Amino acid sequence: MAEQLPEVAETEVWLTSPGSLLKDGQRLREAGVGIFLNGVPIGSHMYKPIIVAGRWFEPGDENVLVIYQEIAEDHNIAVGDTVTLDLGEFGDDTWQVVGIFQTVFTDGFGGDPIYAPLNAVENATHKYSRGTQILVRTQERDQTYVAAVSDKLKTLYENRQRDVDLNGSGTTFEDRQFADSQYAININMLLALAAILALVGGIGLMGALSISVVERTREIGVMRAVGARTRTILGMLIMEGVLQGTLSWAVAVPLSFLLGRPLAQQMGQIMLDINLDYAYSYGAVFLWLGIILSISTLASVLPARNATQISVRESLAYA
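Okay, so the sequence shown: first residue is 689 according to my numbering, each after it adds one.
No lab work stands behind these hints: they were computed from the structure. Since the structure is predicted, the reported quantities are computational estimates derived from the model, not experimental observations. Built from N, CA and C at the ideal position, the CB exists for glycine as well. Be a bit skeptical, because a hint or two may be false.
As the list claims (entries may be wrong) - If you anchor each label on the Cβ, the simulated ranges turn out as follows: (1) V701 x D868: 27 to 33 Å; (2) L879 x F945: 19 to 25 Å; (3) T704 x L981: 43 to 49 Å.
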């Protein structure tokens, strides 16, 4: 039905069933939580999780599973192991684990998701040519366009009086916004920490330059005595501050390249209990260069201004 809309490029039907996983006769989750078995068409173009071990589905697969990493780690399940899948009224059967996937978050209310080939789930539940979820790919990926198509689909199903739970519908943009909101506090905390460190560094540079001005009072006096202009002294001290800031940036860049990945992995384990996908931001290197140059310049202005106010008589009399 969804393919009737010209804005729809492709659709895909999934079949989901609640159940429980057992290993050596023991349930892997407390009663009442369990798992959700998602039947996905082999060769699906709509969705593929992050595989951390093993593989995704291939043509010819039957009773095989790709399970959640947390389940595998908590219960020592490895790729190639055989587990029992209890689907309640549909009985139980043995399945082989061919892959382990990672996800950043789940909804926290239902069971853990696991995946199997759609044909295998149909055979296990005896529900053929039926589905519990429909995934839709639109012709365009603009957020406004996708939202409009989503509304059209809801209206279409409502008008046809289909027994479809429209409250569970959503778009990838909404999922992305939800994920962003989940981690916004962590991102903002890290940005605030970076801003504080930059501010402290600027204050430290200002203090170092102020001490340098005091120690070089006689030198500044001699320069003024031989005709150095205020602008020359001001520019010299500001350039010293900018040079120190640039050197600190030059030292920080290779350190960030070497330490970024292990620190990101450690933070992911501490905060989310997963290994974060890491990508070095080369654009941020030049962004921080601009920030450091700005902070260095501002931090150098006050000490440089104080240096220009030292008279020749005072500087030469300085002991």
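Range hint 43 to 49 Å: satisfied by the CB atoms of T704 and L981? violated, 54 Å
CB-CB spacing for F945 and L879 relative to the 19 to 25 Å hint: holds, 20 Å
Verdict for V701, D868 (Cβ pair) under range 27 to 33 Å: holds, 29 Å
When held up to the earlier numbered hints, the structure conflicts with hint 3 and nothing else.
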